[in-house]
Amino acid sequence: MGMTMIEKILADKAGLASVSVGDIVVVDVDMTVLIDMQFGTQWKRPNRIHDPDKLAVVMDHAVPAPTIRDAAAGPAARKFVADFGIEHFYDVGQHGICHQVIAENGLARPGEVLACTDSHTCAAGAYNTAGRGLGPAEIYSIMCTGKTWFQIAPTIRYELEGVTAPWVSGKDIFLHLANTYGDAPNFNLEYGGSGLGGIPMHDRRTIATQGAEVSADFSTFEVDSVLRDYLTSRGVADYHAAQPDPDATYSAVRHVDLNALEPYVARPGRVSRNGLPVSQIEKQKIDQGFIGSCANGQLEDLEIAAKVLRGKAVAQGVRLLVTPASQAVYREAMRLGYLQDIADSGAVVTNSTCGACFGYHMGVVGPGEVCLTSSTRNFTGRMGSSEALIFMASPATVAASAIAGYITDPRSVTT
Amino acid sequence: MSVAFTGRVWVFGDSLDTDAMYPGFAIKMDPPEAAKHVFYEVRPGWTDEVSAGDIVVAGKNFGIGSSRPVSALFIELGVAGLVAEEFNSLFFRNAINAGLPAMTLPDATGIFSDGDVGAFELGDGTWRNETTGASGAVAKLPDMMLDIIATGGVMQRLVVQGYLPAD
Chain R
3 MGMTMIEKIL ADKAGLASVS VGDIVVVDVD MTVLIDMQFG TQWKRPNRIH DPDKLAVVMD
63 HAVPAPTIRD AAAGPAARKF VADFGIEHFY DVGQHGICHQ VIAENGLARP GEVLACTDSH
123 TCAAGAYNTA GRGLGPAEIY SIMCTGKTWF QIAPTIRYEL EGVTAPWVSG KDIFLHLANT
183 YGDAPNFNLE YGGSGLGGIP MHDRRTIATQ GAEVSADFST FEVDSVLRDY LTSRGVADYH
243 AAQPDPDATY SAVRHVDLNA LEPYVARPGR VSRNGLPVSQ IEKQKIDQGF IGSCANGQLE
303 DLEIAAKVLR GKAVAQGVRL LVTPASQAVY REAMRLGYLQ DIADSGAVVT NSTCGACFGY
363 HMGVVGPGEV CLTSSTRNFT GRMGSSEALI FMASPATVAA SAIAGYITDP RSVTT
Chain F
5 MSVAFTGRVW VFGDSLDTDA MYPGFAIKMD PPEAAKHVFY EVRPGWTDEV SAGDIVVAGK
65 NFGIGSSRPV SALFIELGVA GLVAEEFNSL FFRNAINAGL PAMTLPDATG IFSDGDVGAF
125 ELGDGTWRNE TTGASGAVAK LPDMMLDIIA TGGVMQRLVV QGYLPAD
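Residue numbers (the working numbering), protein chains in the order written: chain R, 3 to 417; chain F, 5 to 171.
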């Protein structure tokens with residue numbers, strides 16, 4: 003019987019000819035990524051680890067350290083890396099949000115299993131990788147043993163067809179899907195179709211990343227020439243792409259007409275079944291705009307923001323925060339002039355970190371404030387006060403809204 | 005293998021996210037202090053009312069969100085187990101890996117009301133509402149997961165396996 007993309011990867015890594023929905027398999031994990039939070043007060047040095055070459059350490063959530071507690075994680079991480087000879091170490095200066103750092107350093111490889119202590123590890127699905135966010139205890143266990151288990155969940159397939167209109171991004175595709183189909187807990191999501199080639203890598207990353215917001219297990223994309231070119235540019239070679247079998251079994255196949263999509267916005271509280279086209283929202287004033295996170299702090303996101311903001315000014319009374327997804331993205335965006343355009347508009351460009359997305363540092367919102375974010379979650383209290391309202395939209399929509407002072411369709415302020 | 009828990013239940017709704025249980029500001033605290041903020045916005049004051057041995061019952065999509073170790077906070081509060089109509093898979097794994105028993109029970113929030121006493125046995129999937137007398141069974145948990153819970157979670161298992169020094 004045919005297998006879906008994720009079934010193929012998990013069967014391969016479990017050493018099995020095939021797997022079916024419901025099976026529990028023990029798999030070899032190809033790459034395990036620890037983040038700075040892992041090295042906090044609960045950190046214990048292991049007696050031994052499985053394989054230092056299959057491990058990476060990325061400083062991202064709380065760097066440079068906003069608290070003494072977080073500052074203490076740095077030396078613990080550095081000592082661990084030195085003691086065990088871990089080469090894939092991205093310390094402050096080479097840091098960035100782990101999913102961005104994983105991608106730009108070629109650690110997410112097609113057909114492989116990647117585990118990391120952050121729930122958005124499904125981001126690696128953009129690169130045909132079985133990426134899964136796991137809790138710190140489980141990541142610790144994989145670090146020691148090199149293995150973990152998965153129960154094979156049913157797969158929902160999205161057939162992407164057509165071409166998106168200008169100013170419609172991966173965020174808009176995701177918000178449309180989340181609004182139309184709702185949550186998918188204990189399901190895998192698989193993306194492919196005749197329209198896939200028209201969707202650039204950064205948009206695929208946004209869509210894969212946000213599988214977490216519909217509660218899905220894995221979110222994976224097919225391998226095509228766009229991905230192959232990206233992998234080549236990142237030095238990734240000798241990989242085994244996992245393509246679904248033609249007779250794979252899906253719990254649903256959903257056809258998505260990309261031509262029909264427009265910019266979307268999600269209302270506060272949850273992402274699923276909570277959105278509408280930006281063109282239909284009432285006049286909603288904002289206090290803060292945020293462009294950043296593993297979902298939307300990529301170079302192309304900053305390029306879009308710069309394009310919208312160039313020669314314009316952020317509205318009086320509005321703060322616009324822009325957080326590049328990594329130090330490498332920051333430097334490249336600086337070289338290309340994007341950060342100049344963004345800062346000239348009155349926006350604040352921050353250090354690369356998970357910071358504002360999880361309400362931890364650099365951009366926490368206060369009671370009664372309204373934030374429009376292009377990050378990952380709009381849950382109550384996510385970005386600071388539980389009395390703040392968090393709307394979610396694409397970087398283009400956030401930038402256009404920051405100029406207008408209220409939630410605005412980017413097509414109305416751009417040509 | 006028997007993994008059983010019995011206690012007073014607290015019933016919550018659907019799609020409780022991890023920010024509602026382990027908010028960003030609580031990540032800056034030690035676990036005993038952080039635990040005082042579980043459900044801080046959904047049900048203020050709950051952490052003063054919950055007692056050791058109590059059970060949390062929730063609706064669909066329980067635990068959507070982050071990988072942050074919410075189960076450690078429940079354990080800190082003395083919660084004996086989690087029951088939900090549907091779990092987010094990461095949240096479910098985190099419970100098992102922390103050694104916190106968890107059962108998926110469709111219609112759990114219809115079967116149980118706040119203050120009922122519930123009895124759950126993961127080893128054979130049976131459950132019973134001691135207050136109303138309702139009872140039934142769900143699929144048993146796979147032995148591998150039962151074994152992790154019975155060992156006290158994956159960190160304890162690593163101690164047993166020699167990967168981690170014992171405290």
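For the record, the hints were derived by calculation from the structure and aren't laboratory data. Because the structure is a prediction, the values reported are computed rather than measured. Cβ coordinates follow ideal geometry from the N, Cα and C atoms, glycine included. Hints may contain errors.
To be verified - List of simulated lysine to any residue pairs, SDA-like, C-alpha gap at most 20 Å:
| # | chain 1 | residue 1 | chain 2 | residue 2 |
| --- | --- | --- | --- | --- |
| 1 | R | 314 | R | 234 |
| 2 | F | 32 | R | 366 |
| 3 | F | 32 | R | 70 |
| 4 | R | 285 | R | 264 |
| 5 | F | 40 | F | 64 |
| 6 | R | 15 | R | 183 |
| 7 | F | 64 | R | 183 |
| 8 | R | 46 | F | 156 |
Said to hold, decoys possible - Simulated DEER-style distance windows between Cβ atoms:
| # | chain 1 | residue 1 | chain 2 | residue 2 | range |
| --- | --- | --- | --- | --- | --- |
| 9 | R | 275 | F | 151 | 30 to 40 Å |
| 10 | R | 285 | F | 139 | 25 to 35 Å |
| 11 | F | 18 | R | 369 | 45 to 55 Å |
| 12 | F | 140 | R | 84 | 52 to 62 Å |
Against the structure, the hints come out as follows:
1. In summary, the hint linking residue 314/R to residue 234/R is not supported, as the alpha carbons are separated by about 37 Å, beyond the 20 Å threshold.
2. Of the pairs offered as hints, the one joining residue 32/F and residue 366/R holds, with about 14 Å between alpha carbons and a cut-off of 20 Å not exceeded.
3. Of the supplied pair hints, the one linking residue 32/F and residue 70/R holds, its CA atoms being roughly 10 Å apart against a limit of 20 Å.
4. The suggested pairing of residue 285/R with residue 264/R holds, with an alpha-carbon distance near 18 Å, which does not exceed 20 Å.
5. As the CA atoms of residue 40/F and residue 64/F are separated by approximately 24 Å, the hinted pair breaks the 20 Å bound.
6. Of the supplied pair hints, the one linking residue 15/R and residue 183/R is violated, its CA atoms being roughly 31 Å apart against a limit of 20 Å.
7. For a cut-off of 20 Å, the pair hint linking residue 64/F to residue 183/R stands: about 16 Å separates their Cα positions.
8. Our distance criterion of 20 Å between C-alpha atoms is met by residue 46/R and residue 156/F, whose separation comes to about 17 Å.
9. About 38 Å separates the C-beta atoms of residue 275/R and residue 151/F, a value consistent with the hinted range of 30 to 40 Å.
10. Roughly 54 Å separates the CB atoms of residue 285/R and residue 139/F, a value that falls outside the hinted 25 to 35 Å.
11. Take residue 18/F and residue 369/R: their Cβ atoms lie about 26 Å apart, and the range 45 to 55 Å is violated.
12. Against the hinted window of 52 to 62 Å, the Cβ-Cβ separation of residue 140/F and residue 84/R comes to about 55 Å, which satisfies the hint.
Of the hints listed earlier, those the structure fails to meet are numbers 1, 5, 6, 10 and 11, in rising order.
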